[in-house]
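There are 2 protein chains.
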Amino acid sequence: MQVADSDTPTTPADRTQRLYNFSAGPAVLPEQVLLEARDELPVYDHVGASIMEISHRSAAYDEVEESARRLIKKLLGLGDDWHVLFLQGGASMQFHQVPLNFLPEDGTADYVVTGRWGSKAIKEAKLIGSARVAASSEADHFAHIPPEHTWDLDPDAAYVHVTTNETVNGNQFSWDPSLDVPVVTDASSEFLSRPMDVEGYGLIYAGAQKNLGPAGVTVVLVRESFLEARKQPLPTMLDYGTHAERRFNTPPVFPIYMVEKVCRWLDELGGVEAIHTINQRKAKKVYNAIDGTDFYRGTVDPKDRSTMNVTFRLPSEELETKFIKEAEHRGLLSLKGHRSVGGIRASLYNALPEAAVDALVDFMDAFERQYG
Amino acid sequence: MQVADSDTPTTPADRTQRLYNFSAGPAVLPEQVLLEARDELPVYDHVGASIMEISHRSAAYDEVEESARRLIKKLLGLGDDWHVLFLQGGASMQFHQVPLNFLPEDGTADYVVTGRWGSKAIKEAKLIGSARVAASSEADHFAHIPPEHTWDLDPDAAYVHVTTNETVNGNQFSWDPSLDVPVVTDASSEFLSRPMDVEGYGLIYAGAQKNLGPAGVTVVLVRESFLEARKQPLPTMLDYGTHAERRFNTPPVFPIYMVEKVCRWLDELGGVEAIHTINQRKAKKVYNAIDGTDFYRGTVDPKDRSTMNVTFRLPSEELETKFIKEAEHRGLLSLKGHRSVGGIRASLYNALPEAAVDALVDFMDAFERQYG
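Chains V and Z supply the protein sequences, listed in that same order. According to numbering that gives the first Met the number 0, the first sequence is numbered sequentially starting from 0. According to numbering that gives the first Met the number 0, the second sequence is numbered sequentially starting from 0.
Hints are supplied without guarantee of correctness; some may be wrong.
One copy or two, either will do: identical chains are not told apart, so a pair holds if it fits within one copy or between any two.
[As the list claims (entries may be wrong)] Derived SDA-like pairs (lysine to any residue); straight-line CA-CA distance at most 25 Å:
#1 Lys119 x Arg229
#2 Lys125 x Leu233
#3 Lys125 x Thr235
#4 Lys122 x Arg56
#5 Lys230 x Leu126
#6 Lys324 x Asp61
#7 Lys321 x Glu104
#8 Lys119 x Leu84
#9 Lys119 x Arg68
#10 Lys321 x Arg69
#11 Lys122 x Arg245
#12 Lys321 x Asp61
#13 Lys125 x Lys230
#14 Lys230 x Ser66
#15 Lys125 x Glu227
#16 Lys125 x Ala58
#17 Lys122 x Pro234
#18 Lys321 x Ala59
#19 Lys119 x Glu244
#20 Lys119 x Arg56
#21 Lys73 x Glu244
#22 Lys324 x His45
#23 Lys119 x Ser54
#24 Lys119 x Thr235
#25 Lys122 x Phe247
#26 Lys122 x Arg246
#27 Lys324 x Asp290
Calculated from the structure, these hints are not laboratory results.
Excised from the complex, chain V in its bound form:
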């Protein structure tokens, strides 16, 4: 791994080597996992073929998928009342599938909207039935999470939908809501980055391509008691019950195989408690760099800042463009904020080495000294 130093190098970073990758997703994976996958091509273990070429009903694949399921349950401390499903279509499909399963025709669901993804989620729910905004921070461009006591909740809602980490806007819940009705969360960009108190949740979903694996698989955790409340009949593939009951269709084998490896890596590292400590330390380093100067300006209320997606601005868009370009030159990749909000975004997912954060902080300091 090449390390950026704080003097401006004359030649750009060598991109045939692995560089520091701050991509918001698809995102950095543990190098060890990629090397393992490489070693298992073109033959996996003792099956006479690669993992991609064998039946999804074979013992060898079954072992991989069951191990991934077992590890996720272990890492989050889930009991037997939870199903772990490996679906497809990412959070975008869940925006439809959740209300399709759980929002009754004559009922309602509450949405807490704290960013771009929550906004998309409620839009899809409204195509199915009555979805209410129980709280929103849109008025201040999602710079904070509305405190729970301000939420306008309907006691008869089928569920309350939240987005516990907003990838684009850089905010994160600092608590796991527990309400009178089941909570559903889009945890895509924080999944397995911290311990979760799952007590209040009925369903937790996450696209894999942030903390969990490559794009192409969506993990859905659903509690049996919540699952039982779903509507019937439903299109077979979109009925969570189909997948809770059995392996119905051909799953995205390779993405799930990678998820299993990532979970194993995390488990060996000490699990979500250990990674949470590291994640908090990594985030604190960048936020300290932001707060230590007027040159950089965080976009989110400090109490609601994300440990995963650190968003900040520079004094001008010109400087932001220059910042991104010089960072790339030094091998600090993908620091550009989402096209819908601009600015800088450093995603500090589980697999991003702490050395990458140190390199970023050094660069921020050097850049400010040069242009501040």
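Starting from the known structure of chain V, arrange chain Z on it as the hints suggest.
Frame of chain V; chain Z shown alone:
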């Protein structure tokens, strides 16, 4: 690649090597493609990360996806009126998505049912609206394809759905239907195995995990004029128009990257005309072995036999079990028929080397001599 010989070996085939893989899907991939993927781990080209770890909106990924799209259009000779979409959920999701988009509430759609997959397709359509069986070969266990002149077609149908190759039942259309209404086909297990006359089709879909790549991506070809007839509004992710218009959500990057490589391999080999010649030769060798004796018995009317999935029976289930076991011992993998029908199934997809077919035929001969 290890080759099975026709004398019974005393030690089983070495499964740390690539063996002959007759899996019906996920299925064998070209070895060259797997080796290329291996060489591109943990760094792809010049991007400082693997292909799985970069933004789906990056130039590097964009090039991969556009190349895959371009190659599919080239291989099938598709004009500008065709969209090539990379979706998720396999044929099972298409069973829902097709009627969701195209079967009007007050309209109807016709289904030609020639096997297990067609039966599943119409079941999902009936959850959406009025879906009629225009023809079926269920009465003879899908041993034939009902000729077009026997189809009971509704001239006002929104579309006619066919399954041009039935993976489980081993039958295949010998023509591309062109009717008064647009034809939709599930081409999963024959996609890119032969030239197609696309004139009569409005939509063609295929799960990748047979001829095209690993599981986790579904290719949908949809004609613009057919697309325009879809219902509105639709759930965003399930609206074909969403994906025809732009890259809406995070695609399954790695599966698409592999599809691009497989298409490139096929193009270099001479395209669908060249592979079709090879596929016909491969299939003929196995069917000749079946027809040359009373020991083996094909399950499908010779005129409707599949070049991709060759299904046959032995005199008893005991002999079938023994056949599968001895074949495995010699390194001929995954010859067991689908659990719903039993017997033997040899899938001879594009990437299965002809030498595998020769080895199978030798084994069939040796097995009959021993047990016949």
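Evaluated hints:
{"no.": "1", "hint": "Lys119 x Arg229", "in the structure": "both (22 Å within a copy, 22 Å between copies)"}
{"no.": "2", "hint": "Lys125 x Leu233", "in the structure": "both (18 Å within a copy, 11 Å between copies)"}
{"no.": "3", "hint": "Lys125 x Thr235", "in the structure": "both (22 Å within a copy, 12 Å between copies)"}
{"no.": "4", "hint": "Lys122 x Arg56", "in the structure": "between (37 Å within a copy, 23 Å between copies)"}
{"no.": "5", "hint": "Lys230 x Leu126", "in the structure": "both (16 Å within a copy, 14 Å between copies)"}
{"no.": "6", "hint": "Lys324 x Asp61", "in the structure": "between (45 Å within a copy, 20 Å between copies)"}
{"no.": "7", "hint": "Lys321 x Glu104", "in the structure": "neither (51 Å within a copy, 55 Å between copies)"}
{"no.": "8", "hint": "Lys119 x Leu84", "in the structure": "both (22 Å within a copy, 22 Å between copies)"}
{"no.": "9", "hint": "Lys119 x Arg68", "in the structure": "neither (28 Å within a copy, 28 Å between copies)"}
{"no.": "10", "hint": "Lys321 x Arg69", "in the structure": "neither (46 Å within a copy, 35 Å between copies)"}
{"no.": "11", "hint": "Lys122 x Arg245", "in the structure": "between (31 Å within a copy, 19 Å between copies)"}
{"no.": "12", "hint": "Lys321 x Asp61", "in the structure": "between (49 Å within a copy, 24 Å between copies)"}
{"no.": "13", "hint": "Lys125 x Lys230", "in the structure": "both (17 Å within a copy, 17 Å between copies)"}
{"no.": "14", "hint": "Lys230 x Ser66", "in the structure": "neither (30 Å within a copy, 42 Å between copies)"}
{"no.": "15", "hint": "Lys125 x Glu227", "in the structure": "both (22 Å within a copy, 24 Å between copies)"}
{"no.": "16", "hint": "Lys125 x Ala58", "in the structure": "neither (42 Å within a copy, 34 Å between copies)"}
{"no.": "17", "hint": "Lys122 x Pro234", "in the structure": "both (21 Å within a copy, 9 Å between copies)"}
{"no.": "18", "hint": "Lys321 x Ala59", "in the structure": "between (50 Å within a copy, 21 Å between copies)"}
{"no.": "19", "hint": "Lys119 x Glu244", "in the structure": "between (29 Å within a copy, 18 Å between copies)"}
{"no.": "20", "hint": "Lys119 x Arg56", "in the structure": "between (35 Å within a copy, 19 Å between copies)"}
{"no.": "21", "hint": "Lys73 x Glu244", "in the structure": "within (20 Å within a copy, 41 Å between copies)"}
{"no.": "22", "hint": "Lys324 x His45", "in the structure": "between (46 Å within a copy, 17 Å between copies)"}
{"no.": "23", "hint": "Lys119 x Ser54", "in the structure": "between (36 Å within a copy, 20 Å between copies)"}
{"no.": "24", "hint": "Lys119 x Thr235", "in the structure": "both (24 Å within a copy, 10 Å between copies)"}
{"no.": "25", "hint": "Lys122 x Phe247", "in the structure": "between (29 Å within a copy, 15 Å between copies)"}
{"no.": "26", "hint": "Lys122 x Arg246", "in the structure": "between (30 Å within a copy, 19 Å between copies)"}
{"no.": "27", "hint": "Lys324 x Asp290", "in the structure": "within (23 Å within a copy, 67 Å between copies)"}
Going through the hint list in order, the structure does not satisfy hints 7, 9, 10, 14 and 16.
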